[in-house]
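**Q** The chain contents come next:
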Amino acid sequence: MIYYSTSHEYARVEGNIAYIGISDYAQHALGNIVYVDMPEDGDDVTAGEDFGAVESVKAASDLLSPVSGAVVEVNEQLIDNPRLINEDAMANWIIKVEMSDPSELEGLMDEAAYKEFVAKEQH
Amino acid sequence: MNREVYGKLIFELSRPGRRGTRPVDNSTDAFPRAELASELTRTSATELPEVDEPTVVRHYTRMSTNNFGVDSGFYPLGSCTMKYNPKVNDALSAIPGMARLHPFQPDATVQGALRAYWTLQRSLSEIGGMAEFTVNPYAGAHGELTGLMIIRAYHDERGDKKRTKVIVPNSAHGTNPASAAVCGLEVVEVASLPDGTVDVEALRPLLDDTVAAMMMTNPNTLGIFESSIPEIAAMVHEAGALMYYDGANLNPLLGVARPGDMGFDVMHINLHKTFSTPHGGGGPGSGPVGVRAGLEHLLPNPRVIRDEATDTFSVVREDSNSCGSVTPTVGNFAVELRALAYILTMGRDGLGMAGPMATLNANYIKEALRDVYKLPVDRVCKHEFVFDGLADKSTGVTTLDVAKRLLDYGYHAPTIYFPLLFHESLMIEPTETESRETLDEFIDVMRRIAAEAISEPDTLKAAPVNTPVGRPDDTTAALEPIVTYKQLRDK
Amino acid sequence: MTHHYLPQTGEEISAMLGACGMKSLDDLFADVPEQLKLKRPYDLPLGMTEAQVTDYFENLAAENRPARVILAGAGYYDHHVPAAIPALVSRSEFMTAYTPYQPEISQGTLQYIFEYQSMMASLTGLEVSNASMYDSATATAEAMMMMVAAGRKKNRVLVSETINPAVRRVVDTYARYHGIDVATIRMTEEGTTDSSHMEQMLGEGGVAGVIVSQPNYYGIVEDYSGFADKIHAAKALMTVNAPASTLAVLKPAGEWGADIACGDAQSLGVPLSYGGPYLGYLTCTNALMRKMPGRIVGKTTDARGNRVFVLTLQAREQHIRRNKATSNICSNQGLMALWVTIYMSLNGPEGLREINERGRDAAHWLRDELTATGRMRPMFAKSPFLNEFAMDTEGLDLDRLFERCAERGILPGVVIGKNQLLIAVTERQSRAQLEEFVELVKTAEK
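Protein chains in written order, with the numbering used here: chain A, 1 to 123; chain B, 1 to 491; chain C, 1 to 446.
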């Protein structure tokens, strides 16, 4: 199941684990991504608060975590090859989080709602 | 500027054994050697070039020919006030009696330097309508930070510890929020009306006892005078906060109006904008900060004060009442001397005309181009105005293409994609030092580019072609940063 | 009447107003509320001619008493300035350019910044340099904020008591407003950083970084062996502040194992000019590059296949990250970075070494000679030093000594406390000049 936030992060959920990344719409809006600033394993993230940033040549965007919990893994491939996000934003998640409060997912959008949200934002 | 790329690096001209100067006469005058213990000394080689003096001189001379300055041509860079830099200022800033003074030598031996500094403080106070100025800060951003420190010190002194927010218009330059954050303050944006001025009704609910200050430029980043400023100042003061004036756009107000009279409590000035000091490709700058009466004691140390009875000057280096120190010395002295020379050469008569002439030049260009470029805010502008790209949006030609094509015609580009209020911002500021012929020629070229956008859009997409180098690949630069010669060589 | 910086004549003004549909210059300001208008000329003199303003400045200069022999240092040193430097730096293509936002017509600026970065990285023994900072004090404050940003939730920075107090005042001011807790590492009796005190404070935890200086405020060359290991073991970062010129001979930050180097590059032939402009430098390891404030120039290629230079990693900077930026710095010290780049090119590795060795040898000779006068003695006799040293002048009338020296054009040093005189020597002073100073001390009044 995939959930989206209004700040264009997604949380792909498997059990108690959420894979967090940015949406395809967000990678497209940013353009060529040149750097991803990520937390470290074991760091705590809080829903709605920033845990890093993605940078393109002329823009930078904070990453806001859609859920709270502990970081159990960061996607180290992105250190050397941040453009993987441009190639496939859904496959190339940024951090893997063990959720502390899965009920937070209820406040997020599902795929259909997010599509509608993006369509509105483009106007 | 020439059209051929020079492109060599000094390291590539290096030949072992060459020397570019002879700093020490070892044949006479020697002292006994005083070696230091080896654990304290350097083991690696310093990778500096070995070049002779003629090669050095030719290298940097040729390098300079790939650069474009105000002396090379028209520089209508919005919000940057690239006016002419008078040559006499440079000459006077380097006279030996000023240049060889140590910053910590006794006050009695630097009375002329301190008089210059004090006279500049007084002149800026008169022009800004403020009680007193410090000329310490090294640049505009540094001044802005200093000004915010003064504001925090003001609230702290009153025991008012809750005030942690700074209100900034959403049209503001990115430096405003960055300075606030460095100063430990939180930024709250206030919305703008369609003409870019502050929405007073949106501001009202934001004002409470957690607000430390409101930061504004006036005219704003669209070159529009904020006519509601008396009302805004009254509201902000009513809430117990202070008004901060970002002096980035002070130039059109020379001789016309003063920030102090508009209700601003603290302000900074960029000497390289309004007071004609060279920008130098990024510095050195100077960002003097002024305060209204009642806040003078909060200005940073060191401070220059005058004893009226004896007409002598001294430097106050430590004083616990101040907001602190942002510099160890009185500031970028040689830059300050240039600004003083400018003020004295312009005088009250010349300065009084500078604001109106900067404003006239900007309106003249705006009126001549409004049919072919989209003018989103149709009002009398001040020193600058913003187009939202070409009027004809069907060609696919962007603001970036227009800017790059201007380089081909021998102009510096305007500021582009700022302010963020429009998608295709093209911000033009001619300044008062440009002649009517220069403005007319620029207008012709801008019209020609608008015509080219329709007739030959591909030419614009490929621009520039007449410059030493073409459009660079920014993505590769950021993906695989190569920022030293060592990295370049080892790749 | 037109001013010589304002081209438009009365006729042109009328014609241009007409083109804007206006009748008078006042119409341009119709939107300025009446009560805000300045209805009088500024209370300033009328404009001066070029000759008058030149006389004005010469009169100001005549009120100063510049020294020809400057033994004052305390962070700012009187080195000889090769004539080629001002000649090149004053070229208007360099001087009157803006920030190189249009790389196609700014390769001159971008290229010398790249050269500057390369030289500073090498000099400090670290991997990357930014395009320069305002000065030593602000560069040190930025290094402090950088360490705190890298340390995520840690908010404490330790600063050695041996650092220049003028730098410390600026660091403390930034820390106060930025919300950083600065603690002082004590100085030993030998005038060096007390490493056991540092270890104790590191052990208490929460430390983001440590700042030390080299040579320190008293001119002492400290032994920082083992410091980096202790600091890194506490998961903190290490910054070394040093005057740039001395790095040609002293062990630089990188060789001590430090993460950040900062300091003044004024010692690379920048004139004293009563406070500036100088420039600061800031270099760091690759790992910290993205936390570094200020501009950075990198290499890339253009559409025509040329090797070109551009401002890069801009997403870190204030104009994009706004309140999330590490720093609010926009500019660098531009021309001053060019100044020291040319200085380093002219002097090369050999020249820079010779300059420092001459300063070192002359300073050691002078300290011995001054001690031999019996009028002053070294404050820290056992500690090694390079070209600057502190003397205890108890029993000497320092005001009188300064006055007598001023009559001969000699500035004896910087008074740093009661009966404490800090003296710096560079390659700029001849043996005869130093001998003249020693004579004045010998006959100094008590």
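Hints were generated in silico from the structure; no laboratory data involved.
Accuracy of the hints is not assured; some may be wrong.
[Stated by the list, open to error] Subject to a maximum C-alpha distance of 30 angstroms in a straight line, what follows is the list of computed DSSO-like cross-link-like pairs (lysine-lysine):
id, chain 1, residue 1, chain 2, residue 2
1, B, K162, A, K58
2, C, K446, B, K161
3, A, K58, B, K461
4, B, K161, C, K154
5, B, K165, C, K154
6, B, K162, A, K115
7, C, K235, A, K96
8, A, K120, B, K162
9, B, K162, C, K235
**Q** Determine for every hint whether it applies to the structure shown.
**A** Results of checking the hints against the structure:
1. Restraint check: the Cα-Cα separation between B:K162 and A:K58 comes to about 36 angstroms, which exceeds 30 angstroms; the hinted pair is violated.
2. With a CA separation close to 52 angstroms, the supplied pair C:K446 and B:K161 exceeds the 30 angstroms bound.
3. Of the pairs offered as hints, the one joining A:K58 and B:K461 holds, with about 19 angstroms between alpha carbons and a cut-off of 30 angstroms not exceeded.
4. Simply put, B:K161 and C:K154 have alpha-carbon atoms about 23 angstroms apart, close enough for the 30 angstroms limit, and the pair holds.
5. Between B:K165 and C:K154 the CA atoms are separated by roughly 23 angstroms; this keeps the pair inside 30 angstroms, and the hint holds.
6. Simply put, B:K162 and A:K115 have alpha-carbon atoms about 42 angstroms apart, too far for the 30 angstroms limit, and the pair is violated.
7. Proposed proximity of C:K235 and A:K96 is supported: the alpha carbons are some 24 angstroms apart, at most 30 angstroms.
8. Using a Cα cut-off of 30 angstroms, the hinted pair A:K120 and B:K162 is violated, with the two alpha carbons roughly 38 angstroms apart.
9. A threshold of 30 angstroms between alpha carbons decides the hint, and for B:K162 with C:K235 the separation of about 33 angstroms lies outside it, so the pair is violated.
Hint compliance for this structure: hints 1, 2, 6, 8 and 9 are not met, and every other hint is.
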